Structures are given as C-alpha cells and as structure tokens.
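*Asks:* Going down the list, the sequences are from chains A and B. Residue 489 in my numbering is what sits at position 74 of the first sequence, and the numbering runs on without skipping anything. Residue 785 in my numbering is what sits at position 370 of the second sequence, and the numbering runs on without skipping anything.
Keep in mind the hints are simulated off the structure, nothing from the lab. The structure displayed is predicted, hence computed values, not measured ones. One thing to keep in mind: the hints can contain errors.
As the list claims (entries may be wrong) - Selected chain B positions facing chain A (Cβ under 8 Å, derived; list incomplete):
| id | residue |
| --- | --- |
| 1 | G572 |
| 2 | A722 |
| 3 | S736 |
| 4 | P755 |
| 5 | M790 |
| 6 | Y845 |
| 7 | L1007 |
| 8 | A1014 |
| 9 | N1025 |
| 10 | F1031 |
All C-beta atoms in this analysis are idealised placements derived from N, C-alpha and C, irrespective of residue type, glycine included.
Here's the letter readout for the chains.
Protein chains: 2
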Amino acid sequence: MNHESSPAVKSPIIDYLEELHVRHASLRDGQVATYIPELAKANPDWFGICLVTTEGHVYEVGDARQEFTIQSISKPFVYGLALEDNTRAEVLKKIGVEPTGDAFNAISLESGTGRPRNPMINAGAIAAAGLVAGKLPATRWRRMLEMFSLYVGREVGLDKAVYESESTTGHRNRAIGHMLRNFDILTEPPEPVVDLYFKQCSVSVTCRDLGVMAATLANSGVNPLTGRQAIRGEYVESILSVMGSCGMYDYAGEWLYRVGMPAKSGVAGGVIAVLPGQLGIGVFSPPLDSRGNSVRGLAVCNDISRAFDLHLFNTPNVVKSVIRLKFSAAQVNSNRVRTPEESQALRTHGNRIQVLQLQGDLVLSTAEVVVFDLMNSLDDLDMVIIDFKHVISINESASRLFYHLLRKLNQRGKKVVLTNLTRVPPLGRYIRLKLKDQTDELFMSFDDTDMALEFCEDILLARELTIRSTEEVVEPVDYILLAGLDAEEVAIVRAMLERRKFQRGDVIVQSGTPAGEMYFIARGRASATIQQAHGAKKRLGTFSSGMVFGEMGVLEHAPRSAEVTADTEVECDLLKLEDFEKLGESHPHIKLTIMRNMALLLSRNLRKRNQEFSVFNY
Amino acid sequence: MNHESSPAVKSPIIDYLEELHVRHASLRDGQVATYIPELAKANPDWFGICLVTTEGHVYEVGDARQEFTIQSISKPFVYGLALEDNTRAEVLKKIGVEPTGDAFNAISLESGTGRPRNPMINAGAIAAAGLVAGKLPATRWRRMLEMFSLYVGREVGLDKAVYESESTTGHRNRAIGHMLRNFDILTEPPEPVVDLYFKQCSVSVTCRDLGVMAATLANSGVNPLTGRQAIRGEYVESILSVMGSCGMYDYAGEWLYRVGMPAKSGVAGGVIAVLPGQLGIGVFSPPLDSRGNSVRGLAVCNDISRAFDLHLFNTPNVVKSVIRLKFSAAQVNSNRVRTPEESQALRTHGNRIQVLQLQGDLVLSTAEVVVFDLMNSLDDLDMVIIDFKHVISINESASRLFYHLLRKLNQRGKKVVLTNLTRVPPLGRYIRLKLKDQTDELFMSFDDTDMALEFCEDILLARELTIRSTEEVVEPVDYILLAGLDAEEVAIVRAMLERRKFQRGDVIVQSGTPAGEMYFIARGRASATIQQAHGAKKRLGTFSSGMVFGEMGVLEHAPRSAEVTADTEVECDLLKLEDFEKLGESHPHIKLTIMRNMALLLSRNLRKRNQEFSVFNY
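Only chain A is shown next, with the shape it has when bound in the complex (with noise of 0.2 Å):
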C-alpha cells in the first residue's frame, strides 16, 4: 500500500499538474484572508498542488510541503468524529443538512429549535465540536488531533499563534457558542467547546496532507498510504454527503454542476475535493474569493475536474465486468487426473456443473449480475461454484443478495460451493447471523476452486459411471501405460517392479531429487504439488490406482519438479529408469507401446490443458 511515485521519468501526471500549475500561478485575484490577524502574513504566491490516489499514489507539484491551518476544513471531519462518538440520529437532532445561501460565518439556526441548518456554517461546526467525546477539553482535543494523525498519516500539531489569534478575536463564535447554549445545542459550558473549535481551525498542514485526507475519503476512511482506518466506512458518505451540499457555501449547485466532487475550503487558502472510489485533491493558496475560497485552488479544482473527466456524475460503470470468468466442467477441469472414461462422461455432462469467477466490488448492481445469471440458468446446471478469490470486497446488500440467492438454489435442490469465502468475511459472518439456529446446509465452502471442481466432478462422475474405490487393488494389467501388452508381455515388466506402501501424507516424491523411477499406483490417490512463491502449495495433480506418476522426469532425464505425497494409503509399483532403459535392448516392443501409452497421455493432457487454456482468454 504504501508507496509513492518517484520514477526515474517524470509521469505525464506530473506534467499536466505542473502546467496546470504554472497557468493558474499568474492568476492574481483575491486577497489573503485579514480577519485573524495572523493568517494576513501568508505569502500569496505560495501554490501548491496534490493528487493522491485510492492506491496511495501521490502526485505533487509547487508548495506542497508549506504549513498552514487547516481552518474549515476541519468541519468535515470533525463531524465524522461526532458521528462516530454518538449515533447518526443523535447527530442529527443537533445539526441539520440543508445547505443555506448564507456566508461561511452566519449563525443560520432553525428557528424554534436553533439547530444550526447544517455542519459546514461555523455554529454547526461548533455544535459537532461539542458531540465529540471526551469528559475533559485535553481528552476531546487529543482525540480530534488522533483523528487528524491518522487521515494524514504522520502526527499532526497546533499553529499556536494562529490558536492564539483566533481566539484573541473570535468573538463572533463565542456569540455563536452561547447562542447554542441557549438552545440547548450545547449542553454544557460553551467556552471550552469553543476554544476546541479555534484549535481544531488552528492544525497545521500542508497541501499534501490534504490530498491524503481527501484521499482516505475517497477510500471509504483508510488512509491509502498507511493503511489504517481513519473513519468507518459507513459515515463516509454522511461526511462526504455535507461536503457535497454544503461544502462551498453559496456556491454549492454550481460547483456540483461544474466540478461535481465534494469540496470544503478553508480561509487559509486550502481546499480539498473528493472522487468517490478514485481520488482526492488537496489546493494551497492564500488568496480567497468574496465567498471565502482560494481563488487558485477553485479554478485547480475546475481545471482537474474537466481535463479528467472527474465529475462524480460521470462515473465509470462497474456492473459489466464482474463476472471475470465463466465456464463449465464440460470445459476446465480440476487437476484430479482422471482416466479416459471419466474424462468422457465430464466432456458430456460436465456443462451440469458451472463455475463463476467474480471479481471488484460486490455492490448491489454487480451482484445483481451474478443472481440474474443464475436464476436464469437454474434448468441447466445441477451444481455451481462461485469463486470470490479476486474479489476485493463486499457490502451488506450484496451480502443478503447472495444469501438469498443461495436459498433459491438450495430450494431448487442445486448444490452450491462457494470457494476463497476468506475474501470476503462480510458474506460469512452474514450468512451464519442468519443461519444460527437452523440446519439446513446452504452450500459447501472450499479454499479453492480446484478442490471444489474436484468435488463436484466426483458428484457427477457417480451418477454418470461406476467408479473404481481406492480400496480396490488394480492389477498391473489393467495400468493404463501397460495398455496393449499380452499377458507375458506383462509378466515380464512385473518382474521388474518393486511394490512400495505408503501411509497416508508420506512424501513419495521429493521436489529437486533426481528422476531414477517412474510409479504405476496399484492402490490408492496421490497429489503433485509445486510450493508456491507465497508459500502456499498448488496441487499440479491427483492421481488413483492404474495411474502414473513421475514418467515424465524419467522421460526428461530432469530432476523432479514437483512433490507428491499419499493422499491415502497408497500401494504402488516402481519401475527403475535403468530397468526401463534396459527394456528397449531386452524387449523394444515392450518398451515401444509403454512409450507409446505415454506418448499418448501426454497428448490427450496437452490437449486439453490447450482447450482449457483457450477459456482464459488473455
């Protein structure tokens, strides 16, 4: 997560943001804001510019590293704060939502009830000041500066003479903090609450702490350089909600409609706006507008919102590609290795069985996706996989979408495997609040995809054919490599083999060893598996009695690349390389119809590794 773009080549991010930059530097309207005494000695040629995106990209240009005071900027933020600390409807019985026309430092209470009219007015912002918990003013004061700490990523501190400024002259928002009291918006002493409100106004940051802080908003609350949760995800949208209505005063129906993202400014010349899902910008620059907003950083916002296309309303459609793959059993099979019959009966009747690869975000209309092609498909398969492994989450409506649709498919006698349900914990915990006091199996949840094709592809094959049981002991004759060889012709390469057992998880092949032999099983399953860079282990393949393995080392002359352990207690026959060399000088045509049955395994494996492949489609 947490990297950051230093490329040896500047990226052409870089390059529109640094011309947007020297563009918008001539730009010489607005004044320094005046009213605190202390923010009038900002210089109004600091500039600065950053992106940052959901991936913790950052990108920026001009004074991105000055400190100034984040002023009403704050007000998002510490409202998610009340939130958090209280409950949505306790919240809103203080403050409400509706944008006013009026200017950033009106009182606008609602008459009667002298709830400030939304958050983002200065006695709203006040009001939530006093939401947040904390018995004593030093505890809620540490609590906000965490809370800033952690959307900005590095510890955040007070511009003290700013502090001391504010409150020198702040007697406008003291008039607003005892008019709360009257209302009993506040309930306690006004004047702490007001002096946290000046300190909150007062926390140094820099451009590039705002870009972050946009984007962890935009990152549902994670703080996409650091990881850590900034805010829960479910009060993002009631932030990023007042932001969008009321964030730019006065000017709120214009700016949805030509920079459609959510935006707050402060009078220190910063503003920051949000993509939801994608990015955040932070702008720094002291002039401001009649209205209170950075001149630069309004005609930045502007500029980016255009020349990328950002506007909110203009979003990128996510249904379609939900769905990553989609095939049968008729067309990708597990690496249960299976013999000719069985391979047969898959090709026919495998489309019984489906398999769904999802990926992205699980929301309502892409899981919407995934239940309409199910419901529609329900007279054509018997048993389904659905696969969450590139799933990157899950919400609770999807949640209940699935779980439903489990119930159908449950109902309609269908069998369902849900496979990699580690991904999204959100479903799990979902369906066994539901499941709790009932027995009914929904589905069978396996680590893989393989496994689950595996037990599925059982399933069928016992309807479809009589299966061989492991327990049964195959006799040379019948190994598939022995195909072809009369009865002395078998003889003679069973008086070459040598019987081994094995219990079940004993390793019969180690990986790096040299080939010296190849093993027909004569009782029994054992798996291949090659050891993952990540340490997990990847089954290559499964092989049952009347199978080998390790031919194609022999055949190679390479050392074994893979592992393969007992899966059960396994009975096999080993036949040497030398002896099988032997067996071209004593009988080639023995040899010559070994090497033929192996031949052609391999070209019946080659083949439909090749028309499996051709699924994937890259």
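Once you've looked at the hints, dock chain B against the given chain A.
*Replies:* Quick look at chain B alone, frame taken from chain A:
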C-alpha cells in the same frame, strides 16, 4: 442487451421489492394533487415500483404498467435536449443551476438578469422548453416526443385530458412565460412555449418507463434495453447535477444525505432516482406531501437506498481491478512453437517483455494505475504489450494519459505494442489526431496478443541468438524428432520420407480428415488453427523448419483436430503412418527413439502449458 428477467424462480430482488411494496402500501399519508382537476381523478391506491439496471434487467412490482402523466419529471430530460440543441454555455446564460429554497412553482428569477435560478423550477423548465430547436411548435413537440421515446424504449404519447386541464388552469405558468419574455430569456412569443411546456408535462408514462428512463441516465444516456442513445453522454452529468442539487426542491440537502441519488418527482405521483453507472429507480404513487413529492415515492427511495447501500458516495472502488492479467514472456509465450534453445532464451530474457491486460472502464484513476505500473518498471523492460480486449470504455482523459505514456516510453526507447485497439476507438482517434503531422511511430498495433507476443519474442530472440532463416533448408539429421539417431538410421528414415512443397496460404492439413502422416518441416513456416464458434480463427501453434506437426493425430489415431496452413513457401517431409508403424517391426530402436522424442516434446509442451496456466489463476 435487450433481455428482461422472467426466470422460472422469482429473483430475490423481486422478493425484496414486493416486501417493500406491501410495507408501504399501507402508508396512507398525503393527498392526490388537485391543482389540475384531471390529476384529482387518480386512484390513491395506485402504487408501482420498478428498478432497472444498466445491464437492462428490469424488476417491477405493483402497478408498474399504470399510465400517468410525467409532469415535472420531464424537466431534467427537456433540459438535456436544450443542452444538446444549444451549447452548455448558451443554456447557462438563460438558466442558472443554483438550488432555491422555494417551492416548485415559485417564479424565482435572478434579480437583474431575470434568469431562472435552475431548470427544475417551472420558470427554468419553460425557459428550457424555449431552447428546444425547431422552427414550428409542432416540430419542437415532435422532437420532444422522439426524445422521450428513446429514453423509454417505446412510442410515448400525450394524455389529452390532462393536457387540456393543464392548459385551462395554467395561468401562473403563462404569467411566468410573459415574465421570461420580459427579461428576454424567451426571445419569441411566450404562448407557444408555455403550451409546449404543458404538453411535455402531459406525456403519458408508466412506472416501468420511469425506471427505464432513470437507468438510461445511469447508463451514460444509452437506453440499456434498446441499446439506443437517448442523449449524448457528456450532458448526462449536467442533467444529474441539476437533479442532485435542485431535483427535490427545498429537500435537497436531506435527500442527498439520506438517499444519496439524484432524483426528480412529479405531481402526478412519479419519482425517479439514478445511481450513475449502476441503476435507475421509478416509483409511482399519487398521494403527495406538502412539498409536492409522492409520499410513498420518497419512502421507497429512502428504503431502497438504505437496504441496498445505494448512496452515491458509497461507490465501489473501480481502481483496484483495472489490470486483469500481468505477465512476462518468461512466463507465458506466444503460440509460435520454439526450439529448446529459443525456449531457454525466452525463459532467461523474457522478463524484458511485459504484457498488461486491462479491463473495465478506463478513466483517469484506472489509467493512472497502468501509467504508475509502467513508469516504475521502465528499467526492467524493453517491450510492453498493452491488451485492451477486456476494456469496456475509455474516456478522453484516459486516452490523453495513455498517449503521453506512449510518448514517454518511446523517448526511453521502449517498444510498445497495443492489441485489440478496436475495443477503444477513442484512444485510436486521440492518437491519430495528435500525430497527424508527425511521422514518429509511437507504437505497433496487433489484432491479438498472441501475435504481438510472437513479434516481441522474435525481436528478443534475434538479439540473443543467431536465428535460422526460414529460407534455409534443414536436413533430416537436424529434425527434432530424429535427434539421437545415427547417420545410418537417419538414412533409413529418410528413405521413407516423401518431400512435398506448398505455396504460401496452401492448406497442408484439413481439419476433420484422417491423420495418415506426420510432417517434418524442411523449410518455411506453417500454422495450425481452429475455427472458433464466432467464426474467427484461433492459432494453436506455428511451426518452423526442423519441427514436426501432425504427430498428435498419428499418435492418437484420431481425425485432424486443426487446420494447418503454409505461412510461407513450405517444404515438408511426410512420414506415413503405415511406414512409421512398420518401423516398429523392422527397426524398433529407430521407432523407439522417435517415440521417445515425441513424448519428450509433448512432455515439455505440457509442462510449459501447466506453468502458463498458473498465471491465469482461476
């Protein structure tokens, strides 16, 4: 596109909507509108809900087919037509976009200019009707009807009774019309424009129609049932913006906070809500609240939004899944069959060729992921293949970003190959526009990634190895399948071979014919292809001099599964099946060696395919 849900088993989404319908049917608040006498005839029990996804799946319950008049819901759509017929700047000169706290029929003109504050109040809507192109009123009306029909996906008409009722009682709207004329917002006699406005309000629709109209807005202006474009995508964001800020009158802030979808209501009881990129909702229930919004309509939108987590700011993260596959030529190779020496070189140096397969919608934030990835691996690669096969759309800013990326790669001497460019026409257009006078070749383009990969592999191999020219004739002693035979044995085989010559394009092996021989290539190149379901040919493999093809058919005694065609002039040596069989009797050692070579070749190919398979990670 045009499929609707009528599965044998009810979708869980229908279950939920029915539950919601039952729950809210008992809601008895509100009054049917009476200000137009004809509207007062509506049955207060009528109640329909319809949800339509951007995939074109329709979920409807209750009185979803009852006709009623569209009323104010027409406003955003006519505003869209006005934008198309003029320009955004011209329309903004006549109609503002700021919300007003006033009621729906307030006059709300800006002091001085007389510009209506927004297109959702009657004054703004009448001004918008005045901006619809057409000399004659009848022409304008016909164009409006055509527009509504595109949105709805069927021919819509006028409810004459309501129209006449509106016309008889519409004094206030006539007053507005004259006021607009007074301020030159209307520059022609206002009566016909006001009449047009009465007509647009009297268009007869159903709740299902509303759902489809909303889904069309959610789907960037393309009706998801018919696939026809109802409005240019660039104006959809403007329509949704005015719906978002002004669609619910003085309830805008609360609506955005609670429901979080741009919406519009009409006094006949209709409501639409739009979740961009995902779905549209239509509700119909005549009783209205004091603000003129359908009581059940609001309640249903509120509940659906909560239950389904549909809030606009709760949007899925599109960024994380833009790269569908990423691999290098050290992991996956083209279907050009390589010699062991070449394969080894690709394993060693293939990581200099990177393949990125993209998917979904390419917008700034998704394109940035690709740019970031490549800008940070510049030193690790020489060639990059970007595959657009699974891309759904690309917008202008992503096109620009890709163009600049290509320039940067070019400057650094990287070879860039783009495949499946037909999936992203705007990218091609953008680049052509930029390069019109320049001759520098920014990139190569191939139809598919397999061919692109071969092209890049060839460059790599030419650098790393001395490659045999296809013109050079290979002697049988160098045929891969004859490796290990001594001169005398080669001579024996050679005597069995039959030389054939093919011209470029000749079919050497016909699919479905019996496999009577295998082919050793002495000179030239030939490719095996299969015909795919959708008609296109897919390459299975390309063989060059020294290699063999047709051996799998011979081995399996199966009919030819692929067609083999000469890519160049080709000289082949044919070994007939019967001769090969005879070799087993006359010279078993020769046959054994060939068989072993064959098995070895198959084994290597299978191993390679297995490795490639793991990249696809199903």
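*Asks:* When the structure is checked against the list of hints, which entries are broken? Sort them ascending.
*Replies:* 1, 4 and 6
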